[in-house]
Structure formats: structure tokens, C-alpha cells
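**Q** Model the full structure from these sequences, guided by the hints.
Numbering (my numbering), first residue to last: 144 to 247.
If you are wondering where the hints come from, they were derived from the structure by calculation, not from laboratory data. Treat the numbers as computed from the prediction; the structure is a model and nothing was measured. Among the hints, erroneous ones may be present.
Pair by pair, the computed Cβ-Cβ distance ranges are [what the hints assert, rightly or not]:
(1) Pro161 / Gly233: 33 to 39 Å
(2) Asp151 / Phe195: 27 to 33 Å
(3) Gly233 / Gly211: 20 to 26 Å
(4) Pro247 / Gln191: 27 to 33 Å
Using 20 Å as the maximum straight-line C-alpha spacing, the simulated EDC-like pairs for lysine to aspartate or glutamate come out as follows [as the list claims (entries may be wrong)]:
(5) Lys220 / Asp151
(6) Lys220 / Glu193
(7) Lys220 / Glu240
(8) Lys171 / Glu213
(9) Lys236 / Asp216
(10) Lys171 / Glu240
(11) Lys171 / Glu158
Where is the CB? At the ideal position from N, CA and C, for every residue including glycine.
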Amino acid sequence: PEAPAITDALPGMAEFLPWGPFYGVFVKNGTPDDVVATMTAAFDTAAQSETFTTLMANRGNIVMNMSGQEAVDFLAKWQQVTAWALQDTGAAKVSPEDLGIARP
Numbered sequence: 144p145e146a147p148a149i150t151d152a153l154p155g156m157a158e159f160l161p162w163g164p165f166y167g168v169f170v171k172n173g174t175p176d177d178v179v180a181t182m183t184a185a186f187d188t189a190a191q192s193e194t195f196t197t198l199m200a201n202r203g204n205i206v207m208n209m210s211g212q213e214a215v216d217f218l219a220k221w222q223q224v225t226a227w228a229l230q231d232t233g234a235a236k237v238s239p240e241d242l243g244i245a246r247p
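**A** See below:
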């Protein structure tokens with residue numbers, strides 16, 4: 144609550160909002176499908192529990208509960224928006240274009 148808004152430091156970020164960090168659980172490429180399925184089911188169950196949803200709501204978080212291609216697509220879009228928001232506000236040290244990150 145005491146942290147200033149990102150737009151205080153980078154006013155140009157206003158055009159990219161809503162934006163923010165997120166929490167995720169990841170496994171490396173090549174993890175066996177049965178392991179991924181077991182973990183996905185376990186985290187899906189946990190993400191729907193009243194205890195967890197209440198905790199997240201009390202912290203101002205939104206539970207998205209994504210997996211598979213939906214999560215891959217979200218991460219790709221988040222990377223694009225983040226990289227180009229930093230570029231367009233003058234905060235980036237390296238152009239996203241130089242890193243092969245397409246403009247969203």
C-alpha cells in the first residue's frame with residue numbers, strides 16, 4: 144500500500160494498464176505428460192479451494208488458473224506487452240526488437 148503507483152515513475156505506463164506481475168507454477172520442457180497432468184489437477188483443485196481463493200482475494204490477486212496452451216499464450220502476450228511498455232516509456236535498456244520480441 145505504501146509503494147507508489149508505477150505511473151508515478153513511468154507516466155507512459157498508463158496506456159498499458161491493467162498490467163501487473165503474476166504467480167505461476169512451471170515445469171521444464173520435456174516433463175513427462177503424466178507428471179504434468181498430475182500437477183495440473185492438483186493445482187486446479189487447490190486454486191478452487193475456498194481457503195486459497197479467500198487468501199488471494201485478501202491480497203488483491205485475481206486467480207486465473209491457466210494451464211497448457213492458454214498459459215503459453217498468456218506468457219507470450221505478457222512478455223510482449225511488458226517489453227514494449229518498458230521500451231515505449233523509455234525504461235528499457237535494450238529494445239525488444241533486438242531480442243526478437245514482436246510488438247503486440
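**Q** Against this structure, judge whether each hint is valid.
**A** Hints, one by one, checked against the model:
1. The supplied range of 33 to 39 Å is broken by Pro161 and Gly233, whose beta-carbon atoms lie about 21 Å from each other.
2. In this structure, Asp151 and Phe195 meet the distance hint of 27 to 33 Å, their C-beta atoms being roughly 32 Å apart.
3. Checked against the given bound of 20 to 26 Å, the beta carbons of Gly233 and Gly211, roughly 36 Å apart, lie outside it.
4. Evaluation of the 27 to 33 Å hint for Pro247 and Gln191 yields a pass: the beta carbon distance comes to about 30 Å.
5. The straight-line distance between the Cα atoms of Lys220 and Asp151 is roughly 24 Å, outside the 20 Å bound, and the hint therefore fails.
6. For the given pair, Lys220 sits about 29 Å from Glu193 by alpha-carbon distance, which is inconsistent with the 20 Å threshold.
7. With a CA separation close to 15 Å, the supplied pair Lys220 and Glu240 stays within the 20 Å bound.
8. Straight-line distance between C-alpha atoms of Lys171 and Glu213 comes to about 17 Å, which keeps the hinted pair within the 20 Å bound.
9. Our distance criterion of 20 Å between C-alpha atoms is broken by Lys236 and Asp216, whose separation comes to about 25 Å.
10. At roughly 26 Å between alpha-carbon atoms, Lys171 and Glu240 are farther apart than 20 Å, so this suggested pair is violated.
11. Taken as a hint, the Lys171 and Glu158 pair is broken in the structure, with Cα atoms around 33 Å apart against an allowance of 20 Å.
Of the numbered hints stated above, those contradicted by the structure are hints 1, 3, 5, 6, 9, 10, 11, listed in ascending order.
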